[in-house]
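Student: Sequence:
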Amino acid sequence: MSTCKTLIRTSLSLSSFEGTTTRRKLLSFPLKNLNPISLTLPYSPFPPLNLSFLSCRSRPIHLGFGFHRNRTSPLSTAALCIEPSKETPNDLSKDTVEELLSNADDVSRSMKLERRSETHDGEVAPGNGRRWFPYLDRLRCGDADMTSREVIDALSPCILESRMERMRTVAENRSYSVCLVVEGLSDLGNVSAAFRSADALGIQSVHVVSGHGTKRYRDNRHVSMGAEKWLDIELWESTQDCFKVLKSRGYRIATTHLGTDMVSIYDMDWSCPTAIVVGNEHRGISDDALELSDLHCSIPMKGMVDSFNVSVAAGIVMHHAVYDRMSRLGRHGDLMPKECQILLAEFSLRHSKSAIRIAQEYAKRLENPASKL
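When you line the sequence shown up against my numbering, it's residues 1 to 373, in that order.
Keep in mind that a hint or two might mislead.
[Claimed, not checked] Computed list of lysine to aspartate or glutamate pairs in EDC-like fashion (alpha-carbon distance at most 20 Å, straight line):
#1 K244 <-> D287
#2 K364 <-> E161
#3 K247 <-> E291
#4 K353 <-> E367
If you're looking for bench data, these hints aren't it; they were derived computationally from the structure.
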């Protein structure tokens with residue numbers, strides 16, 4: 001008899017709708033191979049729930065004794081049928097910095113507008129022929145070309161106004177007068193962190209000299225926060241090739257190194273174009289880089305240890321370079337209005353995977369106005 005009383009009391013407590021932790025437990029069931037049925041929750045004061053409107057492809061539905069409202073509008077198709085996420089950890093790794101840097105073709109494809117060749121004698125940066133700017137005001141669209149203005153006109157209706165304004169502000173604060181070179185880093189987490197710092201500080205150009213390390217961190221997407229999407233990344237097989245091109249673009253090469261002939265970063269004039277070089281986590285800067293560089297710089301140390309983590313060191317040097325430029329020049333971003341427009345067009349093309357297709361369709365309509373009708 002006492003057992004029956006206990007069962008009755010338990011049943012009544014379950015049917016009660018007042019707040020208890022028991023009521024909040026969710027009943028979860030998959031809808032795979034689910035025929036349209038009506039579900040009646042045991043001891044529920046509510047009428048049966050008709051599940052016939054749900055697609056069999058939906059995610060498992062979680063039902064509780066309390067109110068769990070779907071924030072999606074009930075009139076939305078997405079509210080009725082939600083595709084399950086098909087991304088796996090292996091899929092997520094495809095967008096990491098490691099995946100990007102493993103293929104030079106992928107890196108070159110990430111930059112959309114036509115780039116200036118090293119021997120290009122045409123357009124130069126207005127008012128400053130020594131500062132390098134990599135892009136031409138041209139996008140190849142089949143047999144036709146588009147200007148940066150046309151690219152922006154084509155894509156701006158497809159981008160949120162707030163997002164477009166953010167990209168415009170970023171372009172205005174970018175500079176190619178300071179660039180970062182990472183040489184032989186074997187820890188891709190450090191590379192990702194350096195990329196993130198470069199993007200945050202308005203440094204657009206980053207160079208990676210291949211290393212031979214075997215250690216890899218595949219989950220770098222969360223370290224870089226997608227910064228690699230907005231940077232101009234160039235890959236090099238040797239330090240010699242990288243430095244030769246950088247010097248032809250007007251950069252002085254400053255390697256971060258502890259030695260007798262080093263210069264404090266606080267004593268340098270960062271208003272002239274400078275390439276900051278950081279080396280391997282264990283071996284440091286290579287002998288080739290030390291020999292080919294124009295100067296060696298270091299961060300004054302005040303503690304018992306004599307070095308920073310390589311990504312931290314890169315961030316400190318870049319930050320001081322930007323601060324020094326702002327002190328001397330009034331601002332870090334030094335692109336001319338035309339260059340800002342070109343870079344904004346480049347950002348717009350990188351904004352989504354469909355941007356190139358939209359621009360190509362726009363170019364076709366420009367070529368054949370009758371197609372608009």
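Student: Quick one: which hint numbers does this structure break? Sort them smallest to largest.
Tutor: Per hint list: 2 and 4 violated.
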